[in-house]
Amino acid sequence: MRVINPSPSSLRLRVAARSVNGTHSDYKTMSCIIPDEQVFEYREQGTIVVKNLLSGDLLERAKRSSTALEEKIPVPTFESLAMDAWKQREDPFLEIATRSPLVAAARQLIPESREEGLFVLKDAFFKSVGANQGCGWHVDDKFFWPAAPNTSGINIWVALDNVTSDGGGLAVAPGSHTSEFLGARDALANGDTCALAQISPEWNARLEAMRETPTLQPGDAIIHTRYMFHRSDPFRDGSDAQRGPGVARYSVRYVPGSTRLDGGFGRVDGEITKLTGTIRDANTNGFHGLFLEVPLSTP
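Residue numbering for the sequence shown follows the working numbering, starting at 9 and increasing by one per position.
In silico lysine to aspartate or glutamate, EDC-like type, Cα no more than 20 Å apart, as pairs:
hint	residue 1	residue 2
1	150	289
2	59	44
3	150	279
4	59	45
5	150	277
6	282	149
7	150	194
8	150	200
9	150	270
10	71	103
11	59	49
12	282	270
No lab work stands behind these hints: they were computed from the structure.
With the sequences and hints as input, model every part of the structure.
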């Protein structure tokens with residue numbers, strides 16, 4: 009069944025209502041878990057919402073593990089942010105990134121990964137709480153997306169808590185991944201990634217007019233392309249959600265094996281390092297353990 013996202017602001021962003029289960033045995037059969045209609049919409053709009061992409065025991069373990077990650081890396085923009093959550097040894101984020109329905113969705117939307125292999129370029133755990141504003145309209149910078157500018161990929165953003173109309177989720181601007189918005193990318197190239205509203209009020213207003221803010225349940229996922237403009241959706245002032253415990257989410261950036269890293273940056277032996285070569289050859293190029301290759305099949 010295919011339903012419309014209940015966000016009252018627009019009907020552009022469609023939602024897959026297909027329920028999937030995040031277990032090993034189910035994952036093996038999930039070669040095409042996104043309906044063809046929605047794949048087409050993803051190609052056109054650059055973003056879709058998939059209901060219940062993560063569910064069952066795997067989702068429950070992720071929710072329980074959130075607290076441990078929250079305590080590790082607090083940052084001012086969000087209540088907490090943990091990059092490379094799969095390295096934090098907190099069950100089950102490694103499993104989610106490499107052996108869950110997220111992988112099936114990534115392989116379906118990145119067809120070349122079937123020949124080149126699929127890699128986790130970067131992942132992140134976030135939690136928004138209270139008056140935290142998060143990050144304004146942006147595309148991921150060279151640290152969050154450490155790859156050459158002409159390379160592609162997808163970001164799968166999974167809600168671990170309810171996201172209501174009171175905010176706390178992710179806003180996207182469908183269609184903003186196209187060359188028509190190169191000017192907005194250029195505006196951020198040498199400035200604060202999160203400050204488009206101050207750097208270029210004109211581009212910010214244009215993206216704001218295109219905004220979609222999906223309401224989500226735990227396990228629902230927003231999937232978008234590398235160059236889709238997106239921003240945090242702060243809690244509505246005075247709302248119950250703003251006074252509540254916050255909204256946690258986990259995002260994974262997937263790319264094919266031919267992705268070049270030139271122009272990106274990563275932390276190697278504790279130092280910020282400029283990257284080179286392809287992600288497939290990262291280990292032999294001195295970037296051992298920086299990226300994660302997704303196995304072709306589950307154990």
